[in-house]
Amino acid sequence: MRVRDLKPIGVIVVILAFLPAIVRFNNYYVLLLTWILYYSTLVSAWNIIGGFAGQLDLAAASYIGLGAYTMGTLMIRYGLTPWIGIPAGGLVAVAFAVLVGYPTFRFGLREAWYALATISSVVVLQKLFLVWESVGGPEERYLPPYYGSIYYLRFRGYTPYYYILLATLALTLILNVKIRRSKMGYYLLAIKENEEAAEILGVDVRKYKLKALMTYAFVTGCIGGIFALISGYLHPHHFGTWTSLQVAILGIVGGAGAGAIFSLPVTTFIIYSISEVLRSTLGGWIPGIHLIFYGVILMVVVLLKPEGLAETYSEFYGRIKGALTKKAGGIV
Amino acid sequence: MLELLLQNLVNGILMGCVYALVALGLALQFGVMDIINFAHGEFVMIAMYLVYWISLYLVIPGSVTSLIVAPIFFVFGLVVYKLVIDRIVGTYPLAQIAATIGLMVLLRNLALAAWRAQPRGLKYEVLRGSISLGPVVVPISRLTAAGVSIATMLALHWFLTKTRIGLALRATSDDMQAAALLGINVRKMFAVAFGLGCAIIGIAAAFIMTFQQVNPEAGLTWGLISWIIVVMAGLGGVSGVLFSGLILGVVEALEITFWDPRASLAVMYSLFILILWVRPRGLFGRR
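Top line first, the protein sequences correspond to chains A and B. The first sequence maps to residues 1344 to 1675 in this note's numbering. The second sequence maps to residues 273 to 559 in this note's numbering.
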């Protein structure tokens, strides 16, 4: 990894770090920005399996829920700090990912079958946690209210969580760049292009797909722990199929892949903002209008521009840059 | 306990027939054009709403609306085929999944926007009451639904094996290119298969509504159940679909009897993942 690769991440992080100040720490806007960062991080993690390896994974909510329940249960029962609970949740998510992923790759499930197996895993976990009364159960389990504690990471406002997620996003983006520059990144891209060809050329397809899945599951499990801290309670509906779908939709529209590392947060920012504007203005009369928008944008992008919006951004960026340098040249 | 088991098994077998009918449309579409339609469950949900509204405004029993809803849904299927499916047939699978997921999200939330979240059940239905067979009580609505399911499956089987269009559909399913060389208009067959699949959904929805309510979220369960059955059946024809539906119904009945009804979906999807691993070509598949 070279310093040049890290520059754009630095620029993004610095810009995002000042955003809460620009909205004057207004609680509503900070919460909105927090959710945008939350989904940006999820989509960036999803990019490892969905973008690099080309597997349409719909199990994000499984890992989020497992991360949330692990962190939360350790905290409620044993008073354990989330600083340990969050990575522990990540590890539980990895264990589940291997449990489902190993046989899935071993038996060669691909494409639609992989998507169906993963989305089924979300429903299975949701129902199991609903029945498992000693940990889950149909009632919310609230986290202890140690507000203002850095040890317990519990805060009244959303600003601290915003910065926690910002750090997580930065780490996830660095991880993306690192994988792209590594041997694993090239192997994954080969698998995405043509699995049989990659196998013939000596790539251990199963091993690298599983590695990508485990990386993604770990990050997603950790984000799940942070999600539980923000929402403040545990409930089986944390295993929600809509979250899985939303992550995949943002990933596909953003053009997930090696070239889309920065396009994904940008796409999330744009789509989530538009959907939130729709929800807050028209949502009262037309419930679900913001979700209709998700369906429409996904279909339009897939039918008209199946490779996603990543190219569009770089074209746009190039045009602006070109116009600026031209002008500057004229003045000089 | 024995009586409860018996009652649940009868319910499970009746529901299994209905599951099979709902999955039949998907099996037909998947078999003929190899398309992966994630919006199938949402089609069922929309059809159920259609049954509700037609029954309400024309003041006819829900079961009779199947005669109206099935043709409407045939046309609906053709329209969806022209607008969406025709563009993605034969393209790379990720685009197919993505486009139909988009359709699923769109339909589910359009239904939410138009009809709100509260569940709606038929106001007027003739299929009421139940028959007692010893200790077992059989609701007439479910019995009729199961009977209609089997009749529809027999009709489709006859259509696929005895008529010219049916044979052409099966030829397309077996080998698209060879069928095209023999002068079969493959695109037309795709449209017919998609419309026919949707018409079957229309019939199923009318009879499901006689014993169930509908809400915008109902599609998820029906979609996943249909996928389980299609995977179990493989490309094994109509009988494979029926047997898979019955297996699913019986598994559900056993689960409800011996464990927790709330976990029935968990057991069914675990079974689904297991079958995907062990028999990805299905239990009754030909290839």
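Do not rely on the hints blindly, as some may be mistaken.
On the chain A side, residues computed to face chain B include the following (Cβ under 10 Å) [unchecked claim]: (1) 1360; (2) 1362; (3) 1373; (4) 1375; (5) 1399; (6) 1438; (7) 1441; (8) 1471; (9) 1632; (10) 1636; (11) 1644; (12) 1645; (13) 1655.
Covered by chain A, per the in silico footprint, the following chain B stretches (three or more residues, Cβ under 8 Å) [said to hold, decoys possible]: (14) 383-389; (15) 455-469.
No lab work stands behind these hints, which were simulated from the structure alone. The beta-carbon is built from N, C-alpha and C at its ideal position, and this holds for glycine as well.
### Task
Give me the numbers of the hints this structure contradicts, sorted from smallest to largest.
Structure breaks hints 1, 2, 3, 4, 6, 7, 13 and 15.
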